[in-house]
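Trainee: As a plain string of letters, each chain reads:
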Amino acid sequence: SAVISQKPSRDICQRGTSLTIQCQVDSQVTMMFWYRQQPGQSLTLIATANQGSEATYESGFVIDKFPISRPNLTFSTLTVSNMSPEDSSIYLCSVELTGRSTDTQYFGPGTRLTVL
Amino acid sequence: EDQVTQSPEALRLQEGESSSLNCSYTVSGLRGLFWYRQDPGKGPEFLFTLYSAGEEKEKERLKATLTKKESFLHITAPKPEDSATYLCAVQAQGGSEKLVFGKGTKLTVNP
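Chains as they are written, first to last, in this note's numbering: chain A, 1 to 116; chain B, 117 to 227.
Keep in mind the hints are simulated off the structure, nothing from the lab. All figures in this text were calculated on a predicted structure; none of them were measured in a lab. Errors might be hidden in some of the hints.
[To be verified] If we take Cβ atoms under 10 Å as the criterion, some of the chain A residues that face chain B in the derived model are:
id : residue
1  : I4
2  : Q6
3  : C13
4  : G16
5  : M31
6  : Y35
7  : Q37
8  : G40
9  : T48
10 : G52
11 : T56
12 : S89
13 : L92
14 : Q105
15 : F107
16 : L113
[Claimed, not checked] Calculated lysine to aspartate or glutamate pairs in the EDC-like style (CA-CA distance at most 16 Å, straight line):
id : chain 1 : residue 1 : chain 2 : residue 2
17 : B       : K214      : A       : E86
18 : B       : K195      : B       : E133
19 : B       : K214      : A       : E58
20 : B       : K185      : B       : E133
21 : B       : K214      : B       : D155
22 : B       : K214      : A       : D103
23 : A       : K65       : A       : E86
24 : A       : K65       : A       : E96
25 : B       : K219      : B       : E197
Quick reminder that beta carbons are idealized off the backbone N, C-alpha and C, glycines included.
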């Protein structure tokens, strides 16, 4: 597996502001992912971030709202822009590790965001 | 569209009372089915990957099984430390690494 850390672990923000979440992994990985977990809902993929290329966004998520950086093989950031209360959620990064017979995603501890 | 439905939403067991959690899925070609455990305030912790119908995997008191339409997570003689939310996810064939998750089953094991 991998050791994944996220900063901040939680934050309370005002409407209209932006927050950047950092994800750091202890080994080099090609694929990193950002998910959202809203209360009572399932984890939903926001985007896939590969080093050296533009992030790929899922339907319903746009780059202007959730810009992502992937400057190297161990680090990524997700920014939640122009926040509204509907953005209150847990944001999780994950990395994919390739084994002998499996590609498995391992998750960070999450960032709990509350927007007032 | 790929979908995952987990049942029940919540389950309360007495310590030692075995039971099963269900994960029904529809996917355009299954690449893998994943089980995770999530404790409050933490990220999901990987448990198992299943690839084909008939496959089974075990870890301590947990055993996961897979059919063409559903997966079961069997919990044998659970302990209070097994209390958590169990998440099921599918990954479809076709190149995307995307995981599609169910909403989870919240398991509480009382001493």
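Trainee: If a hint holds in the structure, say so; if it doesn't, say that too.
Mentor: Okay, the hints, checked on the actual structure:
no., hint, verdict
1, I4, "holds, 8 Å"
2, Q6, "holds, 8 Å"
3, C13, "violated, 19 Å"
4, G16, "violated, 27 Å"
5, M31, "holds, 6 Å"
6, Y35, "holds, 8 Å"
7, Q37, "holds, 9 Å"
8, G40, "holds, 7 Å"
9, T48, "holds, 7 Å"
10, G52, "violated, 16 Å"
11, T56, "holds, 9 Å"
12, S89, "violated, 14 Å"
13, L92, "holds, 5 Å"
14, Q105, "holds, 6 Å"
15, F107, "holds, 4 Å"
16, L113, "violated, 14 Å"
17, K214/B <-> E86/A, "violated, 23 Å"
18, K195/B <-> E133/B, "holds, 9 Å"
19, K214/B <-> E58/A, "holds, 9 Å"
20, K185/B <-> E133/B, "violated, 26 Å"
21, K214/B <-> D155/B, "violated, 22 Å"
22, K214/B <-> D103/A, "holds, 11 Å"
23, K65/A <-> E86/A, "holds, 13 Å"
24, K65/A <-> E96/A, "violated, 24 Å"
25, K219/B <-> E197/B, "violated, 21 Å"
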